[in-house]
Amino acid sequence: MTSTETVITLKIDGKDCAGRASETILDVARENGFPIPTLCHYAGLHNIGACRLCIVEVKGTTKLLPACVTRIGEGMDVTTRSQRLDQHRRTIVELLLTERNHVCSVCVSNGHCELQALAMAMGVTHVHLPYRFPALKVDASHPRFVQDDNRCVLCARCVRICHEIEAAHTWDISGRGIEARTITDFDDAWGDSQTCTSCGKCVHVCPTGALTEKGRSVAEMVKRRQALPYLKTFQEQRS
Amino acid sequence: VGTAQMHDMLARITRGDGLAEDMSLLQDLADVMKSTSLCGLGQSSPNPVLTTMRYFKDEYLAHIHDKRCPAGSCPIHTSKPSLEEAVR
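Read top to bottom, the protein sequences are chains A and B. Just so we're aligned: 61 in our numbering is position 61 of the first sequence, and the numbers increase by one with no gaps anywhere. Just so we're aligned: 1072 in our numbering is position 72 of the second sequence, and the numbers increase by one with no gaps anywhere.
Worth flagging that the hints you see were computed from the coordinates, not collected in a lab. Owing to the predicted nature of the structure, the values given are computational and were not obtained by experimental measurement. Check before you lean on any hint, since a few could be wrong.
Claimed, not checked - Here are the computed lysine to aspartate or glutamate pairs in the EDC-like style, where the Cα-Cα straight-line distance is at most 16 Å:
hint: 1; chain 1: B; residue 1: Lys1067; chain 2: B; residue 2: Asp1028
hint: 2; chain 1: A; residue 1: Lys201; chain 2: A; residue 2: Glu179
hint: 3; chain 1: B; residue 1: Lys1034; chain 2: A; residue 2: Glu57
hint: 4; chain 1: A; residue 1: Lys63; chain 2: B; residue 2: Asp1022
To be verified - Where chain B lies over chain A, by a calculated footprint (3+ residues, C-beta under 8 Å):
hint: 5; stretch: 34 to 47
hint: 6; stretch: 127 to 137
hint: 7; stretch: 208 to 216
All C-beta atoms, glycine included, are put in the ideal place defined by N, C-alpha and C.
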């Protein structure tokens, strides 16, 4: 970041806003108090635009653009909330709920889950599409943590924090589309991982109950993220 | 998930198990996929569904309401008879 960076002005929901050229629509919108829902975004990690919840309308294009990976442009006219966007975001949350076995009532993260909070905030009272109920594994081979594929939303926060911050790159995603899963090393058991440092960062950035501490019962898993804002500072210093 | 859900829904319709609301669900799902997908596959895969729904809507409705396939190519015809038909 240099002081000579150009300042760009744009409109967000009718309000005149300004930001640096390197900033994304999401950065500027949040600075100006416009809440855009996100799931895969995590301050300090690179954005990948995976969850598609931060979609916004930009005047001049019929497509919806993901705010977290779209840089601001001079004279942009952005809409962060509309009936169409609300409807699409709700469908996306519904799709996420149908993809895996998200059973809140028996989940260790019940009440502390970002997916659950999003669904509640968006008023997802019904899921219109049929649940897929895939048979997925639970890996409890690690002495301190548990990985439950049934709760994973494939936000890849664990993959990114492990690679970008811890630099171990234990996590990765295997398969494509509906077959995609998070894996440790070469799809080995987590407990047998040669690269995992057991730092636990992945567990605490995970938005749902997919990565949890061992020994937690229903609704007991509260993610501790107090130390993680340092990551953002660290990230900014590096870039 | 979108394409998987779409495939399941179409398979259900071709089996003759389609429900009346499947048409509007399919339309909504296709719209969401088309406008929000990250990759070209997600953006373009709803196209055949959207266009067939526009130009062959009567065939979709025949599958869902009359449980028959006008083109004679869907598994509806090979599936085992319903309970009603079996006892008749």
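For each hint, the structure was consulted:
Between the alpha carbons of lysine 1067 (chain B) and aspartate 1028 (chain B) the distance comes to roughly 23 Å, so the proposed pair goes past 16 Å and is violated. Taking the CA atoms of lysine 201 (chain A) and glutamate 179 (chain A), the gap is near 25 Å; set against the 16 Å cutoff, the hint is violated. Distance check on the hinted pair: lysine 1034 (chain B) and glutamate 57 (chain A) sit about 14 Å apart at the alpha-carbon level, within 16 Å; holds. At most 16 Å may separate the alpha-carbon atoms for a hinted pair to count; lysine 63 (chain A) and aspartate 1022 (chain B) exceed this at roughly 25 Å.
Counting residues of the stretch 34 to 47 of chain A whose CB lies closer than 8 Å to any CB of chain B gives 0, which falls below the minimum of 3, so the coverage claim is violated. Under the rule that three or more residues need a Cβ within less than 8 Å of chain B, the assignment of the stretch 127 to 137 of chain A holds, with 4 such residues. With a cut-off of 8 Å between beta carbons, the stretch 208 to 216 of chain A has 0 residues touching chain B; three or more are needed, and the interface restraint is violated.
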